Amino acid sequence: MNKTAEGVFFLTGKDFAKAGVASSNLKAILESMGVPPDIIRRAAIAAFEAEVNVIIYAVAGMMHYSITQEMIKIIVQDMGPGIPDIALAMTEGYSTAPDYIREMGFGSGMGLPNIKKSTDKLTVNSVVGEGTTLEFIINLNKTA
Amino acid sequence: MKLQELVNSLSLEVKTPGMDLNREVTGGYASDLLSDVIGNAKEGSVWITLQVHLNIVAVASLKGLSGIVLVNNRMPDDDTLKKASEENIPVMTSPLAAFELIGRLYTLGLRCR
Ligand SMILES: Nc1ncnc2c1ncn2[C@@H]1O[C@H](COP(=O)(O)OP(=O)(O)OP(=O)(O)O)[C@@H](O)[C@H]1O
Ligand SMILES: [Mg+2]
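Each protein sequence line maps, in turn, to chains A and B. Position one of the first sequence corresponds to residue 1 (the working numbering), numbered consecutively onward. Position one of the second sequence corresponds to residue 1 (the working numbering), numbered consecutively onward.
Any given hint could turn out to be false.
As the list claims (entries may be wrong) - Straight-line distance between alpha carbons at most 30 Å, and here's what the computed DSBU-like set of lysine-lysine pairs gives:
1. LYS142/A <-> LYS18/A
2. LYS142/A <-> LYS117/A
3. LYS121/A <-> LYS42/B
4. LYS117/A <-> LYS15/B
5. LYS42/B <-> LYS3/A
6. LYS73/A <-> LYS116/A
7. LYS142/A <-> LYS42/B
8. LYS42/B <-> LYS73/A
9. LYS14/A <-> LYS42/B
10. LYS142/A <-> LYS116/A
11. LYS42/B <-> LYS116/A
12. LYS14/A <-> LYS82/B
13. LYS82/B <-> LYS18/A
14. LYS73/A <-> LYS117/A
15. LYS3/A <-> LYS82/B
16. LYS42/B <-> LYS82/B
Quick caveat, the hints were computed from the structure, so don't treat them as lab data. The model shown is predicted, which means the values in this text are computed figures rather than measured ones.
Just need the whole structure built from these sequences, with the hints factored in.
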């Protein structure tokens with residue numbers, strides 16, 4: 001793999017019909033670049049969870065990706081309620097999802113832990129009443 | 001095992017007409033929590049669930065699952081079937097409860113892998 005790519009997907013709150021579209025597109029890009037399947041799997045898990053959280057909790061957001069020789073870097077930024085206690089939100093099983101969201105199969109409180117587990121570095125920044133930004137990295141260069 | 005064989009052995013009703021069922025099913029996974037499936041299901045597995053909302057298709061597609069079986073005669077939403085056709089994800093239904101259906105899949109040799 002000796003290419004790079006960069007781009008952005010826009011996400012709309014409550015647009016469940018489009019949930020997963022950004023991560024599927026990102027997955028297709030990674031496949032077309034010849035990224036190893038195991039790395040693609042991890043990137044797809046993390047991207048999906050971040051995308052769905054924006055759709056469930058925020059008003060709108062975007063997913064920015066940049067793929068280089070060294071890493072896949074994804075930044076998911078939203079305008080939304082923000083996360084008051086990030087450490088608590090990162091706890092497996094913690095969820096504030098309302099009932100109608102749970103009925104769709106979301107809200108098990110595994111999204112952020114899934115992102116943490118499948119990436120090499122995760123940074124969460126959030127301002128209550130403004131929004132949340134997730135930045136995560138998956139290293140491509142195994143010797144790094 | 002081919003998906004078509006599964007459909008035949010378990011009398012599954014195929015809700016997505018015209019799809020090629022001659023695809024390999026390499027295992028099975030059962031869960032109604034989408035994040036659990038996203039995190040833990042293996043590519044090529046058939047997914048047993050009672051979720052009918054269209055997000056199941058996005059999950060199956062992203063994970064490269066071989067199909068979705070809805071238990072307890074749960075009917076997929078129209079949106080779900082439309083998206084399933086677009087994404088080429090077979091959706092099937094069974095009158096059996098999850099416990100029964102999964103037991104039969106296990107007897108047929110499917111494992112969680
Ligand atoms: N983008 C966001 N904006 C506001 N709150 C968020 C955001 N992402 C996560 N949260 C908060 O963090 C909690 C935990 O998120 P996480 O993704 O781990 O679980 P979940 O979305 O509740 O359930 P699951 O991801 O398993 O379907 C959420 O319930 C919510 O309170
Ligand atoms: Mg989530």
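Checklist entry - Do the alpha carbons of LYS3/A and LYS82/B lie within 30 Å of each other, as the hint requires? => result violated (35 Å)
Next on the checklist: Against the 30 Å threshold, does the CA-CA distance of LYS142/A and LYS18/A hold or violate the hint?
Outcome noted: violated (34 Å)
Next on the checklist: LYS142/A and LYS116/A were given as a pair; does the straight-line alpha-carbon distance stay at or below 30 Å?
Outcome noted: holds (18 Å)
Checklist entry - Taking 30 Å as the top limit, are the C-alpha atoms of LYS42/B and LYS82/B close enough? => result holds (24 Å)
Checklist entry - Is the straight-line distance between the alpha-carbon of LYS117/A and that of LYS15/B 30 Å or less? => result Roughly 35 Å between the alpha carbons, so the hint for LYS117/A and LYS15/B is violated.
Item to check | Straight-line alpha-carbon gap LYS82/B to LYS18/A, limit 30 Å | outcome: With Cα atoms ~13 Å apart, LYS82/B and LYS18/A stay inside 30 Å; holds.
Checklist entry - If you draw a straight line from the CA of LYS42/B to the CA of LYS116/A, is it 30 Å or shorter? => result holds (19 Å)
Next on the checklist: Check whether the Cα positions of LYS121/A and LYS42/B lie no farther apart than 30 Å.
Outcome noted: Holds, at about 23 Å.
Checklist entry - Straight-line Cα separation of LYS14/A and LYS42/B no greater than 30 Å? => result holds (28 Å)
Checklist entry - Does the structure keep LYS14/A and LYS82/B at a Cα separation of 30 Å or less? => result Distance of about 19 Å is within 30 Å: holds.
Checklist entry - Hey, LYS142/A versus LYS117/A, does the alpha-carbon distance stay inside 30 Å? => result holds (17 Å)
Item to check | Given hint LYS117/A paired with LYS73/A - CA-CA distance at most 30 Å | outcome: With a Cα-Cα distance of about 15 Å, the restraint between LYS73/A and LYS117/A holds, given a limit of 30 Å.
The structure fails to meet hints 1, 4 and 15 from the earlier list, while all remaining hints are met.
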